[in-house]
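Quick mapping for you: the protein sequence lines, in order, are chains A and B.
Counting in my numbering, the first sequence runs from 230 upward without gaps.
Counting in my numbering, the second sequence runs from 2 upward without gaps.
Check each hint, because a few of them may be wrong.
Where chain A lies over chain B, by a calculated footprint (3+ residues, C-beta under 8 Å) [as the list claims (entries may be wrong)]:
no., segment
1, 47 to 59
2, 75 to 87
3, 99 to 109
No lab work stands behind these hints, which were simulated from the structure alone.
Backbone N, C-alpha and C define an ideal beta-carbon position, used for all residues, glycine too.
Residue strings, one per chain:
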Amino acid sequence: MNTLQLAARNLIRNRRRTLTTLLAMIVGVVAVLIFGGYDRNIRLGLETDFVRGSGHLQIQHRDYFLFGSGNPAAYGIRDYAQLMQKLQADPQLVPLLQVVTPVLDLGGIAGNFAAGVSRTVYGRGVDVAGQNQLKQWNAYRMVGLPQRSVALTGTAPNAAVVGTGVARVLQLCAALNVAGCPQPLPVHPQGSAMPADLAALPVVAPAANVGRVQIELLAARASGAPNVASLQVVKAEQQGVKALDDISVQLHLAQAQQLVYGQDTPQVSAIVLQLRHSSDMPAARARLVQLLQGGSQPLVVQDFATLNPQYGQITGMFAAILGFVAVLIGAIVLFTVGNTMSMAVVERTVEIGTLRALGLRQAGIRRLFVSEGLLLGAGGALLGSLLALGVAWLINHSGLTWLPPGNSERIPLLVRVAGEYGMLLATATGLIVLSVLSAWWPARRAARLDIVEALRHA
Amino acid sequence: MSAIEVVNVSRRYQLGSVAVPALRDVSLRIAANAFTVLSGPSGSGKSTLLNLLGGLDHPDSGHVIVAGQRLDTLDDNRLSDFRARHIGFVFQHFNLLPVLTARENVEYPLLLAGVAASERRRRSTELLDAVGLADRAANLPGQLSGGQRQRVAIARALALRPALVLADEPTANLDSHTGAAIIALMRDMQRQYQTCFVFSSHDAQLLAAADHAVLLRDGQLQAPAAVQEAA
């Protein structure tokens with residue numbers, strides 16, 4: 230009969246109170262694990278989404294991240310093909326890398342001159358094969374994420390994909406089959422007339438554009454001179470965020486380079502690197518920094534969290550909510566177990582006096598009550614974890630969906646509890662520690678009871 | 002040879018703002034291997050003296066020596082260890098641990114003393130057999146009668162063969178027939194285990210069975226009773 234066995238029997242002796250306490254702990258554990266599993270799923274889902282879009286790391290000109298949006302072409306990476314080859318041949322990087330692909334960002338004005346409308350846009354030239362490879366990344370085995378190729382796949386060199394906001398403003402909704410796209414009321418322009426050369430653009434080749442959805446994209450070349458490309462819009466895609474949806478134009482990299490650099494040597498804004506595992510980021514980053522040191526261009530490495538600040542904002546918000554829930558539940562557990570143990574001390578005062586009279590030290594009494602708290606915590610953690618696994622399974626198989634911020638498509642509502650050993654262990658450990666702490670004060674009080682008074686207790 | 006020596010012991014209890022003397026300058030010796038009763042009316046200081054002998058309470062002045070050890074020189078841990086090894090207790094309300102079987106209750110002091118499991122088993126079997134409860138070893142206290150519980154308590158008190166067994170009104174919660182049986186058993190066990198038994202009691206049967214009687218009144222020692230003189 231050791232202390233733990235004695236503690237277990239004391240808990241079983243008062244079944245109803247023990248079960249009530251356990252129930253409170255189980256509900257707490259389930260709440261923390263389900264919300265934690267939801268938070269985990271969001272965190273990994275967001276990471277997957279961003280890593281598919283912008284890779285884990287990007288090599289950029291030192292000032293591109295802060296100043297590039299004003300004039301992307303001015304912060305290009307020269308000799309990017311050689312640099313990519315160097316990265317793909319590096320023995321330390323090769324086992325870590327999954328995709329290396331370039332992108333070129335540009336600012337400009339897109340116009341549908343047939344309708345007499347135009348708007349400022351932010352274009353991105355991409356390598357379609359590289360982008361499709363990026364979209365395959367699913368290291369966390371996320372369920373229900375879109376797996377299709379980018380819309381530019383298999384399209385003509387001058388093809389483009391625009392945001393639905395761009396399509397709406399450029400009055401391309403009907404031609405691109407964009408649903409829910411109202412026609413604007415007629416407006417009377419009050420500005421000066423369009424320059425004659427631009428006004429003449431739709432007249433240039435109307436016969437060639439019959440049956441196509443065409444826009445003209447005007448951009449500044451790296452040298453500052455304007456350049457125009459005629460693009461064939463193949464699709465309008467919802468971008469999730471309205472601000473992006475209203476300016477997004479995606480085009481082939483070669484087309485974008487032609488537009489920005491013309492006959493000059495083409496450059497890119499960034500080299501996107503996607504790793505096999507996110508956990509390799511520090512090692513990959515360190516190696517990249519090594520390789521870039523001493524180069525002729527001032528290049529830096531940015532990670533996806535820096536490039537996408539909303540990742541940190543969203544995960545930070547969920548972490549704060551989870552922390553709040555955990556603290557709230559921790560307080561409830563603290564008081565529940567503390568109350569249970571305090572009642573046990575009062576009820577078993579004579580027993581405590583007897584044990585002390587028989588020769589059990591104060592530390593032995595403390596150990597006995599702390600063991601009861603420990604067993605309560607362990608029981609609550611085990612049963613709560615099992616129930617949470619069951620509830621998570623039910624939620625994951627219920628077919629519920631939700632629309633995450635920044636996404637354009639609903640995805641399954643999932644909670645990741647199974648296999649999340651770190652979260653399960655942290656929750657169980659936290660609960661056990663709280664239970665032991667809750668039991669500590671009543672245990673201390675029990676140990677310090679006057680023996681004679683305890684034996685006289687009615 | 003004395004098992005216990007009480008030297009000028011006084012003990013007061015504070016009741017609100019009033020200090021009530023429970024024992025006043027008591028000195029006595031209690032013989033080893035004897036059956037001694039502390040007797041006296043309610044409030045005479047019997048239980049207080051018993052608590053001091055058992056190291057459950059501390060005197061305000063004076064000191065107590067049990068089995069050659071001055072109890073006031075021991076800190077709480079050493080006093081606990083001393084109680085575990087040298088003193089057995091039998092309580093008026095039996096005070097068995099309700100979640101332990103009769104055997105486990107008897108084994109508990111042995112467990113505290115670090116006795117090996119096989120030896121615990123052997124001694125508990127022997128003692129339960131001696132108190133006539135070998136067939137109730139697996140019963141919880143709640144499944145035993147009052148007399149049976151007190152028998153288990155006596156077996157528990159003797160488990161470590163202590164120098165001293167203290168019993169506070171051991172028959173007060175028993176009917177006279179059962180009380181008499183318990184007295185006979187204790188007397189028997191005292192002889193068998195060669196132990197010093199000290200009781201507090203009003204019970205005339207116990208007084209009659211005792212080797213020595215110590216009479217207390219208002220916290221002071223009175224003249225020894227006839228039984229003590231006879232011894």
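Exercise for review: List, from low to high, the hint numbers that the structure doesn't satisfy.
Suggested key: Failing hints: none at all.
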